[in-house]
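One-letter residues, chain by chain:
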Amino acid sequence: MDTIHELRAAYIAGTTNPVAVVDRLLAVIAERDPELHAFLEVYAETARAEAEQAAEQLVAEGAATPILTGIPLALKNNILVKGKRATGASKILESYTATYDATIVARLKAAGAIIIGATNMDEFAMGGSTENSAFGITKNPLDVTRVPGGSSGGSAAAVAMGAVPAAIGTDTGGSIRQPASYCGLVGFKPTYGAVSRYGLMAMGSSLDQAGPLTHTVADAELLHSIMAGVDPFDGTTITDETYPPVPTKETYTFGVPRQFLADGIDPDVLAVFNDHIATLKTAGHHVVDIELPLFEQGLAAYYIVMPAEVSSNLARYDGMRYGLQVRGKDLVDTYEQTRAAGFGAEVKRRILLGTYVLSSGYYDAYYGKAELVRRKMRRELETAFQTVDIILTPTAPTPAFKIGAQEDPLAMYRQDIFTVPVNLTGVPALTFPMGQVTREAVALPVGVQYIAPHAGEARLFAIGKTVYDRAVS
Amino acid sequence: MTRDDIIHLASLSRLALSDTELDSLEKDLPSILAYVSAVTAIAADEATEEPHVGVRHNVFRTDEVTNEPGSYTEALLSEMPERAGQYLQVQKILSVDE
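Read top to bottom, the protein sequences are chains A and B.
605 is the number that my numbering gives to position 65 of the first sequence; each next residue is one higher, with no gaps.
117 is the number that my numbering gives to position 82 of the second sequence; each next residue is one higher, with no gaps.
If we strip away everything but chain A, and leave its shape as in the complex, we get (with noise of 0.2 angstroms):
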């Protein structure tokens, strides 16, 4: 598989270039993707055209072109790129082309990237398997019985198959992590506001952050470093100056919230856990039990901010502006028709559920209630961190889940329970595969994620590149 420090070094080198890499992709997805439908769009032509103009500057500049030039990625298809379809994985955009580049696109453009395609996802990013995209789902390309994860599978498939280096998804309650972890990668959930959010179709929107998905930490840590910073077109973008420094060290103290995981993980999942905290324990670490009672509890407050921010966030899919448009006999019969056929049943689901919470009398009673379950969830984990600099848990309670096995929206739902309070209280977080379980004689890998203070992400990645870079090279 590659990574892009790799293909870099390799153009540098001059041992192949951008057209030879890309050909080479471009028939991986040939030959794999009719099976595993991890793109919902192939730019062959466009990304053939711009590995012959990468392959031509590499030539010419050598190591003084950008640190991307000529490596293809792949996004998933709620990030805006400008002339491409861009549908969320929804019946309401299915024709729908954007007509500008999201902040994240036009850095990673701007620092050499060819984009090969866009990939599938839940539709919106509502789900936790690809199962829910309105184009069909995605397959594990390594367990082809078994969904990738969600909301980002196809970034995450994609990767996996070795078509793509690396691919960009959104994380909103686990859905970069989820699925690295089910697909044997590396994701990063930055800090909330670390990366602008201008061009991504907002589902949550004080939840909301783009972040990498890829085979080293190296890889994530470049391609965040060039997609973060302050946006004028996102107001929730931070400065270095918001948080206070959180320094790298030699050896850290692990907190692991052990009543978090006495229930409902999968037994093989924490055998594998604990051995990484031994690994950790062995190369000098500490490894601390903690008490975090409220990041158990913290799933019932992200299944109303959530859905409120939802419910919000795509009434502005009405069929008037862009989009698809059902005619019904007057305007709000047009609307309610355009919604109905444009939206799938997770969707629904969540708007119902989020202007429930809305709803004039019910407003202080949840929406109210989850915002302040979110300040003492704040206020928990700046305690906890002040005695230990990294909180350590599996990144989701079991591996890669059969096909269709999941039908009850609340099981699916405790699939997040570890990467949710992360995206509630704006933390960072990094996945890694910690190792692998076996089921039905195939082996699937398990992420394990580690948490670092708001601004931590440099911590996260030093101790990334210690553990899991340094294991796999």
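Watch out, some of these pointers could steer you wrong.
Claimed, not checked - One side of the interface only, derived from the structure: several residues of chain B facing chain A at Cβ under 8 angstroms:
no. : residue
1   : Ile41
2   : Thr108
3   : Gln126
Said to hold, decoys possible - With a straight-line Cα cutoff of 25 angstroms, these simulated DSS-like cross-link-like pairs (lysine-lysine) come out:
no. : chain 1 : residue 1 : chain 2 : residue 2
4   : A       : Lys631    : A       : Lys821
5   : A       : Lys649    : A       : Lys624
6   : B       : Lys62     : A       : Lys942
7   : A       : Lys869    : B       : Lys127
8   : A       : Lys1005   : A       : Lys789
9   : A       : Lys649    : A       : Lys821
None of these hints come from the bench; they were simulated from the model.
Think of the CB as a built atom: it goes at the ideal place given N, C-alpha and C, for glycine as much as any other residue.
Please build the complex by placing chain B on the supplied structure of chain A, with the hints as guidance.
Frame of chain A; chain B shown alone:
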């Protein structure tokens, strides 16, 4: 939550629902709401009047045009399901009962 409550919510949300959809929502929504109601107990001892420190802040910028006027007009108009020249065309809002 009754079937009528869901129909009312659907109308507030501008969503037409089929009978099959109503059947499954009648099953799903109450169990999700029962689950999320836990927040009331969790937040019971949390003061409501305390300001949201460090999370929300206002952001100001100069009110100025940052792109060439008209540079996006055709791209945006061409996405519209119905247009009349440079205008978005919509259905009549006021109607007279017959």
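Would the hint on B/Gln126 stand, with a C-beta cut-off of 8 angstroms toward chain A? Holds. Min distance 5 angstroms.
Are the Cα positions of A/Lys631 and A/Lys821 separated by 25 angstroms at most? violated (50 angstroms)
Is the shortest C-beta separation between B/Thr108 and chain A less than 8 angstroms? Check failed: Cβ of B/Thr108 comes no nearer than 10 angstroms to chain A, outside 8 angstroms.
Hint check: A/Lys1005 vs A/Lys789, CA-CA at most 25 angstroms. Holds or violated? holds (13 angstroms)
Residue hint B/Ile41, partner chain A, criterion CB-CB below 8 angstroms: holds (7 angstroms)
Taking only the CA atoms, is the gap from B/Lys62 to A/Lys942 under or equal to 25 angstroms? holds (24 angstroms)
Holds or violated: A/Lys869 and B/Lys127, Cα atoms, limit 25 angstroms. Holds, because 10 angstroms separates the two Cα atoms, which is no more than 25 angstroms.
Has the given pair, A/Lys649 with A/Lys821, been kept, meaning a C-alpha gap of at most 25 angstroms? violated (41 angstroms)
Compare the distance between the alpha carbons of A/Lys649 and A/Lys624 with 25 angstroms, and conclude whether the hinted pair is satisfied. Judged against 25 angstroms, a Cα distance of about 14 angstroms means the pair holds.
Hint check: violations occur at hints 2, 4, 9; the rest are consistent with the structure.
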